[in-house]
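Enquirer: Protein chains in written order, with UniProt numbering: chain A, 1 to 413; chain B, 1 to 308.
Because the hints were derived from the structure by calculation, they are not lab data. Hints may be right or wrong, so weigh each one.
Said to hold, decoys possible - One-sided and incomplete, this derived list gives chain A residues near chain B with beta-carbon spacing under 8 Å:
hint	residue
1	225
2	238
3	403
Said to hold, decoys possible - Here chain A is said to cover these stretches of chain B; the calculated rule only asks that three of the stretch's residues, wherever they fall, bring their Cβ under 8 Å from a Cβ of chain A:
hint	region
4	164 to 173
5	225 to 238
6	259 to 273
Even for Gly, the Cβ is constructed at its ideal location relative to N, Cα and C.
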Amino acid sequence: MKLLKIVALAATALGALSTSAFSQEKLTMWSRSSSEAFMPALIDAFNASHKTQIELQIVPSAEMVQKYATAAAGGSAPDFVSLDLVYGPAFAKSGTLEDLTDVAKSLPYFEHLSKAHIGTGTFEGRIYAMPMSADASVLLWNKKLFKQAGLDPEKAPTNWAEIEEAAGKVNALGGDIRGFYFSGACGGCNAFTFMPLIWASGGDILVDGGKRATLDSPQMYDAINFYRDMVAKGYVPESAKTDSGKNFFGGFATDKIGLSPIGAFAIGNLVKNYPTVDFGVTFIPGKTGGKASFGGGDNFVVTAGRDNAPAAKEFLEFVYSLEGQTLLAKLGSLPTRDDVAAEAVKSLDQRYQVATEALKLGRTPSSPVYNDIINSSTGPWKQMLNEVFFDDDVKGSVTKAQTAMQSILDDTD
Amino acid sequence: MINSQNIHDGAPIRRRSGRQRRKQLAGLLFIAPALILVATFFVIPLGMAFWMSLHNWPLLGRPRFIGFGNYIRLTQDAQFWSSMRFTVYYTVIVTIAIFAVAFPLALFAEKAHRFTKFYRTAFFLPVVVGFGSASLLWAWLLDVDSGLFSPAAEYLGLMTTRINLLADFDTTFWSIIIMVVWKTAGFNMIILLTGLQGISTEVQEAARIDGASSLQRFRRITLPLMRRTIALALILSVSGSMLAFDQFYIIADGGPQNRTVTAVYWIFSQSFGSFRLGYGAALSMVLLVILVFISVVQLRLLRNPEGM
Chain A
1 MKLLKIVALA ATALGALSTS AFSQEKLTMW SRSSSEAFMP ALIDAFNASH KTQIELQIVP
61 SAEMVQKYAT AAAGGSAPDF VSLDLVYGPA FAKSGTLEDL TDVAKSLPYF EHLSKAHIGT
121 GTFEGRIYAM PMSADASVLL WNKKLFKQAG LDPEKAPTNW AEIEEAAGKV NALGGDIRGF
181 YFSGACGGCN AFTFMPLIWA SGGDILVDGG KRATLDSPQM YDAINFYRDM VAKGYVPESA
241 KTDSGKNFFG GFATDKIGLS PIGAFAIGNL VKNYPTVDFG VTFIPGKTGG KASFGGGDNF
301 VVTAGRDNAP AAKEFLEFVY SLEGQTLLAK LGSLPTRDDV AAEAVKSLDQ RYQVATEALK
361 LGRTPSSPVY NDIINSSTGP WKQMLNEVFF DDDVKGSVTK AQTAMQSILD DTD
Chain B
1 MINSQNIHDG APIRRRSGRQ RRKQLAGLLF IAPALILVAT FFVIPLGMAF WMSLHNWPLL
61 GRPRFIGFGN YIRLTQDAQF WSSMRFTVYY TVIVTIAIFA VAFPLALFAE KAHRFTKFYR
121 TAFFLPVVVG FGSASLLWAW LLDVDSGLFS PAAEYLGLMT TRINLLADFD TTFWSIIIMV
181 VWKTAGFNMI ILLTGLQGIS TEVQEAARID GASSLQRFRR ITLPLMRRTI ALALILSVSG
241 SMLAFDQFYI IADGGPQNRT VTAVYWIFSQ SFGSFRLGYG AALSMVLLVI LVFISVVQLR
301 LLRNPEGM
């Protein structure tokens with residue numbers, strides 16, 4: 001009997017030891033497929049230099065939210081997730097995420113981490129999500145077409161009038177060439193590229209901690225009229241009206257578009273896959289100047305109740321190190337720590353410097369119902385934009401969207 | 001009812017009822033796998049969906065029981081009813097269009113030609129392509145810049161400028177109707193073909209000898225004898241169309257201006273765009289009831305005197 005007890009105790013101790021060892025050293029992480037270019041390499045580099053080991057699984061981008069929500073509800077969620085930053089408030093509100101406030105505040109360079117990421121990662125005063133990877137919206141112009149149109153190819157437009165004037169001159173080249181491109185039926189794309197026009201002009205989309213929608217603002221009408229003018233003058237290709245994001249990048253890559261607001265991801269893609277496209281990168285300006293950018297990318301989150309905060313901190317310290325930031329930048333993500341960003345992109349195409357500066361200005365609307373109000377294909381944001389750019393009842397469409405968006409925000413309990 | 005036979009001769013009856021019970025048990029065993037499958041994959045999920053529909057059940061967070069709150073809410077959901085109206089409109093148009101194409105194809109493919117097998121295969125070929133893949137293909141064909149239709153029409157001089165077929169409701173709607181007819185007419189053709197082949201040639205011969213014209217034979221013999229087959233094809237077409245989603249999601253993204261959002265598209269959008277699983281479940285239950293009602297009405301209308 002005594003022997004039996006000893007064996008049982010030993011087995012329990014061994015089991016506990018091995019469980020503890022595995023739970024501490026073999027952590028699971030999910031990342032969406034759009035991060036496939038850099039996340040596997042980053043994890044490999046971390047695993048190669050740390051005792052803590054992370055096993056990465058790539059999840060199709062469109063399935064990530066449902067998959068993570070379902071897994072969390074069923075108790076089978078991974079330890080860490082690299083999650084589209086806009087979903088931070090929704091997951092934090094649901095209680096799925098570990099509070100990382102202490103981890104975040106203990107980092108000496110906390111103040112230098114992307115404000116857009118920390119903003120959407122903060123819910124009711126606590127930090128649940130930390131910057132993982134980043135993108136920022138910028139304005140691209142085609143230098144070759146600028147030159148052909150008699151414009152200075154090295155001079156970037158700094159306000160809407162200059163953009164429209166340049167688009168007009170490029171458009172006048174004729175044939176298939178058009179002055180300006182945007183994806184007219186894509187809520188997410190236009191959050192990324194159209195909202196900065198409003199921000200840079202002094203307006204906003206959500207205020208009062210994301211509880212009040214402000215679509216019905218003078219800056220919104222100005223920005224709408226700016227796009228409408230270019231559509232009416234034929235500067236924008238007909239296909240833009242129904243582009244739900246499929247040509248968000250492809251439009252400019254055709255080498256037949258004068259200017260296009262887009263993400264920094266396009267820089268590497270153009271350099272690598274479209275070397276003949278000679279382009280410049282600048283900030284998205286406001287009506288009379290100024291600049292703004294949408295901070296996109298992923299936040300790092302930890303599934304609640306696993307006691308993985310120390311491992312999370314170890315991983316984040318690696319991500320935010322110069323080595324981690326350089327690796328991310330090299331493989332397609334903007335650095336998320338601004339005090340080492342310039343150093344991290346030093347060896348890359350110099351146009352990345354503008355993008356890293358844009359990320360410093362980066363903003364992201366923060367709301368638990370972000371998907372419902374902005375990204376959803378049947379939501380008020382996408383519905384409004386598609387109507388106001390191409391139809392006649394601008395006031396009616398904006399008012400309808402304002403009411404619908406506010407109604408969704410009010411419904412959020 | 002007890003009679004003298006039962007009293008005096010109970011043993012054979014017991015034997016008979018025993019045999020009957022064994023037969024019934026054997027029958028039950030035979031259909032047991034199907035019953036288990038139906039229970040597992042239809043009845044239980046249906047029950048769960050109904051249970052979900054009684055809750056405020058977010059994708060993220062804890063569900064909260066709200067009784068029939070979701071059902072009350074959907075009565076005021078303008079987009080849902082607009083989507084339902086559009087779905088019914090689409091179903092009527094596409095079903096007529098499919099039959100208008102499939103019936104002549106079936107009549108044509110039934111006759112022995114030199115290339116009968118080739119025609120049947122050619123007409124049926126689009127059916128084997130999944131709706132998702134077919135929609136992707138047509139999304140490209142309809143693209144105003146890099147597609148086929150608009151650039152080709154411009155190249156051939158049929159249009160002076162390229163027309164974006166997906167920018168206007170009518171052209172979007174009819175483009176999708178054509179795509180669905182192309183995709184599904186072959187399937188309906190095969191169903192109708194089996195019905196046509198089931199009609200005895202003697203009946204047709206007798207009518208011909210009696211002097212009936214082709215049109216008369218079609219109206220008085222072919223159509224009445226095809227009743228069951230037509231009912232089957234109609235029910236499949238109507239229920240499939242009422243559940244349409246892929247083509248409107250992939251080709252038109254519900255546009256222009258949410259005007260091609262079908263009922264299922266709205267359910268998907270509410271469940272996974274707005275994360276309201278409970279509300280999505282309530283919408284699904286209502287759609288199910290409407291679909292069952294439509295199917296029952298169809299069956300009653302198409303029931304022949306001998307019964308279905």
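Enquirer: Hint by hint, note whether the structure agrees.
Expert: Okay, the hints, checked on the actual structure:
1. The criterion of a C-beta within 8 Å of any C-beta in chain B is not met by residue 225 (chain A), whose closest approach is roughly 19 Å, and the hint is violated.
2. Interface restraint check: residue 238 (chain A) against chain B, minimum CB-CB distance 5 Å, threshold 8 Å, status holds.
3. For the restraint placing residue 403 (chain A) at the interface with chain B, the shortest Cβ-Cβ distance is roughly 12 Å, beyond the 8 Å limit, so the hint is violated.
4. Residues of the region 164 to 173 of chain B lying with their CB closer than 8 Å to a CB of chain A number 3, which satisfies the three-residue condition for coverage.
5. With 0 residues carrying a beta carbon less than 8 Å from a beta carbon of chain A, the region 225 to 238 of chain B misses the three-residue requirement, and the given coverage is violated.
6. Remark: the region 259 to 273 of chain B is confirmed as covered by chain A, as 6 of its residues place a Cβ nearer than 8 Å to a Cβ of that chain, reaching the required three.
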